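Participant: Following the working numbering, the numbering of the sequence shown begins with 1 at its first residue and continues without gaps.
Calculated directly from the structure, the hints in this document are not laboratory data. Since the model is a prediction, treat every value here as computed from it, not as a measurement. Careful: at least some of the hints might be erroneous.
As the list claims (entries may be wrong) - Calculated pairs, DSSO-like style, for lysine-lysine (alpha carbon to alpha carbon, straight line, at most 30 angstroms):
| no. | residue 1 | residue 2 |
| --- | --- | --- |
| 1 | Lys11 | Lys70 |
| 2 | Lys22 | Lys112 |
| 3 | Lys22 | Lys96 |
| 4 | Lys130 | Lys70 |
| 5 | Lys112 | Lys83 |
| 6 | Lys130 | Lys77 |
| 7 | Lys83 | Lys22 |
| 8 | Lys76 | Lys22 |
| 9 | Lys11 | Lys84 |
| 10 | Lys83 | Lys16 |
| 11 | Lys96 | Lys83 |
| 12 | Lys70 | Lys22 |
| 13 | Lys22 | Lys77 |
| 14 | Lys84 | Lys22 |
To be verified - Simulated DEER-style distance windows between Cβ atoms:
| no. | residue 1 | residue 2 | range |
| --- | --- | --- | --- |
| 15 | Asn119 | Asp50 | 29 to 35 angstroms |
| 16 | Phe40 | Arg103 | 35 to 41 angstroms |
| 17 | Glu28 | Thr127 | 42 to 48 angstroms |
We treat Cβ as the ideally placed atom computed from N, Cα and C, and that holds for glycine.
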Amino acid sequence: MQQTILAISGKPGLYKLVTRGKNNLIVEALDATHRRQPAFATDRITSLADIAMFTDDEDVSLMVVLESMKTLEEGKKATIDFKKATNDELREYFAKVLPNFDRDRVHISDIKKLIQWYNILIENNITDFKEEEKQEEEKQEEEK
Numbered sequence: 001m002q003q004t005i006l007a008i009s010g011k012p013g014l015y016k017l018v019t020r021g022k023n024n025l026i027v028e029a030l031d032a033t034h035r036r037q038p039a040f041a042t043d044r045i046t047s048l049a050d051i052a053m054f055t056d057d058e059d060v061s062l063m064v065v066l067e068s069m070k071t072l073e074e075g076k077k078a079t080i081d082f083k084k085a086t087n088d089e090l091r092e093y094f095a096k097v098l099p100n101f102d103r104d105r106v107h108i109s110d111i112k113k114l115i116q117w118y119n120i121l122i123e124n125n126i127t128d129f130k131e132e133e134k135q136e137e138e139k140q141e142e143e144k
């Protein structure tokens, strides 16, 4: 899941990688339209697995943050409305998700985008946020 869900700079929402073309990627919007479109090398395309959030200690993978949000929200959509919430409310909510986030480098727009992405993923039943290595470790422990 982590490598196939993409964010494209300048385009709202998230996209699922469908296939690779000769000079592009074919992506499908994770919204009501499910419209497919090409994404070219000139677009800044980032896999969600490659994104991290700043903390006071070391950067934390976006997958860890999403898993924390899922635990906080009990697998449901976010209880906070990122469009109507004040900056202080957003910071307070995010402090519940990631208590040691770097308040200087994590901007309000980052928090809003994170909440929006989380809601998109939940709406599309994409809830497997655990990192692949951790899943493999858990499977090995269960086998023992």
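Participant: For each hint, tell me whether it holds in the structure or not.
Facilitator: Results of checking the hints against the structure:
As the CA atoms of Lys11 and Lys70 are separated by approximately 25 angstroms, the hinted pair is consistent with the 30 angstroms bound. Proximity of Lys22 to Lys112 is assessed by CA-CA distance (about 34 angstroms); at most 30 angstroms being required, the pair is judged violated. For the hint pairing Lys22 with Lys96, the CA-to-CA distance comes to about 44 angstroms; that exceeds 30 angstroms, so the pair is violated. With a C-alpha separation of about 11 angstroms, the suggested pair Lys130 and Lys70 falls inside the 30 angstroms cut-off, and the hint holds.
Proposed proximity of Lys112 and Lys83 is supported: the alpha carbons are some 8 angstroms apart, at most 30 angstroms. Distance check on the hinted pair: Lys130 and Lys77 sit about 18 angstroms apart at the alpha-carbon level, within 30 angstroms; holds. Simply put, Lys83 and Lys22 have alpha-carbon atoms about 39 angstroms apart, too far for the 30 angstroms limit, and the pair is violated. For the hint pairing Lys76 with Lys22, the CA-to-CA distance comes to about 38 angstroms; that exceeds 30 angstroms, so the pair is violated.
The suggested pairing of Lys11 with Lys84 holds, with an alpha-carbon distance near 22 angstroms, which does not exceed 30 angstroms. Taking the CA atoms of Lys83 and Lys16, the gap is about 24 angstroms. The hint holds against a cut of 30 angstroms. Distance hint between Lys96 and Lys83 is fulfilled; the C-alpha atoms sit about 19 angstroms from each other, no more than 30 angstroms. The suggested pairing of Lys70 with Lys22 is violated, with an alpha-carbon distance near 37 angstroms, which exceeds 30 angstroms.
With a C-alpha separation of about 37 angstroms, the suggested pairing of Lys22 with Lys77 is violated against the 30 angstroms cut-off. Restraint check for Lys84 and Lys22: not satisfied, since their Cα atoms lie roughly 42 angstroms apart, outside the 30 angstroms limit. Distance hint check for Asn119 and Asp50: the Cβ-Cβ separation is about 21 angstroms, which falls outside the suggested range of 29 to 35 angstroms. Distance hint check: the CB atoms of Phe40 and Arg103 are about 36 angstroms apart, consistent with the given range 35 to 41 angstroms.
Take Glu28 and Thr127: their Cβ atoms lie about 18 angstroms apart, and the range 42 to 48 angstroms is violated.
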